[in-house]
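As they're listed, the protein sequences go chains L and C. According to my numbering, the stretch in the first sequence is residues 1 to 201, in order. According to my numbering, the stretch in the second sequence is residues 1 to 817, in order.
None of the hints are false.
Between beta-carbon pairs, the in silico distance windows are:
#, chain 1, residue 1, chain 2, residue 2, range
1, L, Ala200, C, Asn684, 37 to 47 angstroms
2, L, Pro168, C, Leu656, 50 to 60 angstroms
3, L, Ala101, C, Pro9, 44 to 54 angstroms
4, C, Asp685, L, Leu199, 38 to 48 angstroms
Don't read these hints as lab results, they were simulated from the structure. Glycine is no exception: its CB is placed at the ideal position from the N, C-alpha and C atoms.
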Amino acid sequence: MKPLDTRNSPYMYVHEEVHPVTPWEQFKQVVARTFKGELFVGLWIVFREMIKKDSCATIQYPLEKIAMSPRYRAIHKLLVLVESGNERCIGCGLCEKICIANCIRMDTKLGEDGRKKVSEYTINFGRCIFCGYCAEVCPELAIVHGGEYENASEQRAHFALKEDMLTPLETFRANKQREYDGFGALSKEADQWVTKTPLAY
Amino acid sequence: MTITIDQIPCQATEGEFVLNVARRNRIFIPALCYISGCSPTLACRLCLVDVDGKRAYACNAKAKEGMNVITKTEEIEAERKAIMQVYDINHPLECGVCDQSGECELQNYTLEMGVDHQAFAIQDTHRPAKTWGKIHYDPSLCIVCERCITVCKDKIGEAALKTVPRGGEPLDKEWKEKVPKDAFAMWNKLQKSLIGPTQGETLSCTFCGECTAVCPVGALVGTDFQYRANAWELTRIPASNPHSSDCALLYYEVRHKSIQHPQETIYRVTNDIHFGTLSGAARYGYDFENTVVTKDQEAFKSVVHALQSGELKTVRFNSFITNEEAFILQKLKEKLGLRLVNPDAKAYQDFLAGFASASGKSLYGATLETLAQSDFIVSVGTALKTDAPNAGYALNNALTMNKGAGIYFHPVPDVVVSGYSKNMLSVTHKVGSEEAVLMWLLGRFGREMPASIANMLEGFLVKGTKEVSEVVKEVVTETVVDEATGESKEVEKSVTKTVTKTVEVTQNTLWETMGVEDLDESIQKLLEKKERFSLIAGEDLYAHPRAKELSKLLGLIARYTPFEVMLIPSQTNTLGVALLCELDEVKEGKVLGYNEKGDIVLSALGKGTLDMPALNQQEGTFTNMDKRVVPTNVALPYHGYCLNDVASALGIQAALTVDYTEQLPQDKGYEARPFDTLPNCFANDGTQLRGYCLHVSECTPKEELSPLHVSALDESLVYRANPVHQFSPFTNKAHQLNEAGALYVSLAFLEAKGWKDGQMVKLTNKEGHTLVVAMKADPLWEGMIPYLPTFDTKLETAPFFTGYRFAQVTFEGVSHE
Numbered sequence: 001m002k003p004l005d006t007r008n009s010p011y012m013y014v015h016e017e018v019h020p021v022t023p024w025e026q027f028k029q030v031v032a033r034t035f036k037g038e039l040f041v042g043l044w045i046v047f048r049e050m051i052k053k054d055s056c057a058t059i060q061y062p063l064e065k066i067a068m069s070p071r072y073r074a075i076h077k078l079l080v081l082v083e084s085g086n087e088r089c090i091g092c093g094l095c096e097k098i099c100i101a102n103c104i105r106m107d108t109k110l111g112e113d114g115r116k117k118v119s120e121y122t123i124n125f126g127r128c129i130f131c132g133y134c135a136e137v138c139p140e141l142a143i144v145h146g147g148e149y150e151n152a153s154e155q156r157a158h159f160a161l162k163e164d165m166l167t168p169l170e171t172f173r174a175n176k177q178r179e180y181d182g183f184g185a186l187s188k189e190a191d192q193w194v195t196k197t198p199l200a201y
Numbered sequence: 001m002t003i004t005i006d007q008i009p010c011q012a013t014e015g016e017f018v019l020n021v022a023r024r025n026r027i028f029i030p031a032l033c034y035i036s037g038c039s040p041t042l043a044c045r046l047c048l049v050d051v052d053g054k055r056a057y058a059c060n061a062k063a064k065e066g067m068n069v070i071t072k073t074e075e076i077e078a079e080r081k082a083i084m085q086v087y088d089i090n091h092p093l094e095c096g097v098c099d100q101s102g103e104c105e106l107q108n109y110t111l112e113m114g115v116d117h118q119a120f121a122i123q124d125t126h127r128p129a130k131t132w133g134k135i136h137y138d139p140s141l142c143i144v145c146e147r148c149i150t151v152c153k154d155k156i157g158e159a160a161l162k163t164v165p166r167g168g169e170p171l172d173k174e175w176k177e178k179v180p181k182d183a184f185a186m187w188n189k190l191q192k193s194l195i196g197p198t199q200g201e202t203l204s205c206t207f208c209g210e211c212t213a214v215c216p217v218g219a220l221v222g223t224d225f226q227y228r229a230n231a232w233e234l235t236r237i238p239a240s241n242p243h244s245s246d247c248a249l250l251y252y253e254v255r256h257k258s259i260q261h262p263q264e265t266i267y268r269v270t271n272d273i274h275f276g277t278l279s280g281a282a283r284y285g286y287d288f289e290n291t292v293v294t295k296d297q298e299a300f301k302s303v304v305h306a307l308q309s310g311e312l313k314t315v316r317f318n319s320f321i322t323n324e325e326a327f328i329l330q331k332l333k334e335k336l337g338l339r340l341v342n343p344d345a346k347a348y349q350d351f352l353a354g355f356a357s358a359s360g361k362s363l364y365g366a367t368l369e370t371l372a373q374s375d376f377i378v379s380v381g382t383a384l385k386t387d388a389p390n391a392g393y394a395l396n397n398a399l400t401m402n403k404g405a406g407i408y409f410h411p412v413p414d415v416v417v418s419g420y421s422k423n424m425l426s427v428t429h430k431v432g433s434e435e436a437v438l439m440w441l442l443g444r445f446g447r448e449m450p451a452s453i454a455n456m457l458e459g460f461l462v463k464g465t466k467e468v469s470e471v472v473k474e475v476v477t478e479t480v481v482d483e484a485t486g487e488s489k490e491v492e493k494s495v496t497k498t499v500t501k502t503v504e505v506t507q508n509t510l511w512e513t514m515g516v517e518d519l520d521e522s523i524q525k526l527l528e529k530k531e532r533f534s535l536i537a538g539e540d541l542y543a544h545p546r547a548k549e550l551s552k553l554l555g556l557i558a559r560y561t562p563f564e565v566m567l568i569p570s571q572t573n574t575l576g577v578a579l580l581c582e583l584d585e586v587k588e589g590k591v592l593g594y595n596e597k598g599d600i601v602l603s604a605l606g607k608g609t610l611d612m613p614a615l616n617q618q619e620g621t622f623t624n625m626d627k628r629v630v631p632t633n634v635a636l637p638y639h640g641y642c643l644n645d646v647a648s649a650l651g652i653q654a655a656l657t658v659d660y661t662e663q664l665p666q667d668k669g670y671e672a673r674p675f676d677t678l679p680n681c682f683a684n685d686g687t688q689l690r691g692y693c694l695h696v697s698e699c700t701p702k703e704e705l706s707p708l709h710v711s712a713l714d715e716s717l718v719y720r721a722n723p724v725h726q727f728s729p730f731t732n733k734a735h736q737l738n739e740a741g742a743l744y745v746s747l748a749f750l751e752a753k754g755w756k757d758g759q760m761v762k763l764t765n766k767e768g769h770t771l772v773v774a775m776k777a778d779p780l781w782e783g784m785i786p787y788l789p790t791f792d793t794k795l796e797t798a799p800f801f802t803g804y805r806f807a808q809v810t811f812e813g814v815s816h817e
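Please model the entire structure based on the sequences and the hints provided.
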């Protein structure tokens, strides 16, 4: 086989330093490395940054928390309707169907008003892989991913029931339910793609 | 005959519809409104095809030699797309919550035809949803394909549904130019109609639920199923109807119960809408399972010990069991010398033996398929509507589709059966005179009979005279005086006169024995152009005091008349038990009851000594009324002991109950086929691929006929029958069918006695048995003979019916104090 650097190849041969072979050469290398000033260059940088004002690169967790990007996929939220405060979820079961970790389940029934009611809804967060398919498939934008990423718990039962995910009515009444623009939300120009169905009245 | 569909040559028979030929040959033609076995309605017009250059509808175009059919052209595709667009006008966008979503034909065809925008519009009409008992109708989802109406009329025979005015806006004229021809015609009709009950505000039918099964959209759904699960979450498990001997193909649809309860539950039952029908009991009576969590070792040991020690010598059981279980019982009998007691199957077994001895064949000939294909059907000795609903559906199908006629011989008239067709003659004969009916049939239709039999039957014919009124035209000459001229003229006038004549006729005295007027003439009219004959015989005959003679008469009818006879097995697997078990008479001693009363009880109903799996928790086979061995599967888990475990502990070893399927005796007509090789479905052309047919063996027939002996019962009778939907305690266990047993009476009975619905009544028979029971008015029951059910374990009705289904009792009103 030809030497690597003479072959017609996209790879490049890196010339390395010649390794010391004789004991005298090895001794020389050790002495040179030990007494070189490079060590102090590094120590100086650390010291400089230490005494510099406002130079902290990390945040002070748990006192401080990062604002997550809307595209981040953490613990789900179930939103309520802005107009009425009713749950947005209609119980179509698409999230249950699409869930590849098989962690979503819902019970539905005929409500007293003749509409479909979701009597119970769970996501097993111990199983959830936060893939975002449920939020993407939801036709009502009812289930979305939130920014809540602190989901450690000492009990499995905390992973999780509908009430935990549903926007609390107080939050909603205080007008603090944020409309969601993250994963699974409609695109900004969504209206452009809608063909209106004609109405005769 | 060969026709060409899309360049593919296809075999067809004369008069067959092109759509059926295409489906058989796996060529796709879209169609929403057509159901196999029913008349075409032409409501959807999607099956539009090009036949030799002309437009035709595949569902009603009959195949002709050399026909060239093209299923897709640009013009047809545009028309179909427009039709789907019209169906989508104002259709609520609630697929997300709709029960049909995922199996909706409107969804499927909308996508198939590529409807991506809506070009048409009309003002919507307010259409509130309605609940008709077990059936929920949402008119806003309804596309008026009329499948429900068609199936109710052509298959079920009740015609309980019809189109009613929608009250919508009339179509604007501008649409006529904009919308393609067929789509416009369809729209025009759609805009005018909705579905509604034929009479009154709510449905008054037997609630078989077939309309909900055929509905292509979510308009008709079971009220109980509404909004509880989605189509895609349910697992379909093919099985057979466990409640009656039709053992029709059904699918249990199961899913976990809820988030808190992960165990499997049946949510609904569906069927093959094109080639099968389901009775209401099969459709709504699905949750009769016996939930058992652990094996009760104590109880198991006590049962095994009782059998092993010889403490129990009698096993009493009924025929709501599988062939394999019956076979295990027979093996136990052989090993331990048990007595097997099953009065119902015993009567059937003896009847079948009598039938075979006279007909020369081990089994009867007819199946539900031959019933549906015949054009003259006689029913004797069965309350068809409740005893064998599927036989009733087949009978109705024959009447409507083959322009058939029929006679319903029964002591109790039936509104539903006589409503099948105007060519359905109801003969209400005296109770106990079934022998005269069969003799009349043999005499009327028998050909090339041995002289002794022919002579005996001729003995019933009497020459007599009959007054016949005839309309005669006579020419009369009158003298008329012309007023103007004063001339008198002779004018000839024809005058019609009714003349009574005395004519010599041969009368059959058997009619008198039956207690009805001579119907030979009207039956002669019904018989015009009829070629394929079927006879349905039922449960009244098996326990009849003259059962032996009746069975031989039926055998002779099968042998000497063109009738194909069907002997309807009274319970799910009566035929199987009758073939597999040697049955004994009742004797004194301790009894092991299997789903029956006893000193030790094995029960799939629960509350017994040892729990057994119910029929929706078992795999195995049934021998159904078609003489077919059909498989059934496990829909729900069972964790207790089953009969096979008991048998294994007693030394009859088998790993699984279904290991016995291939061991079923071949001399009785069974095949040595393992359970897992038995299919359970219909082919594309409707061929039954379900299990296998029993083999019928031949024997030398005896030709003898005992002289007629009728002792008719007259006054104050009660009948043993179950109301619609009920067959056994198992149907009554299902939550949708649960009811308290009562004395079911007709409205006429209540009126005649001056009693009220719900009032208590005391029944006493000759032996002194009494029963105090509430009366329940059954609007679908007629006549003065009420009936007592067997489905309610709390009602002790058995002592009244030791033999015959009719029993003499005295009724006594009970005051409420």
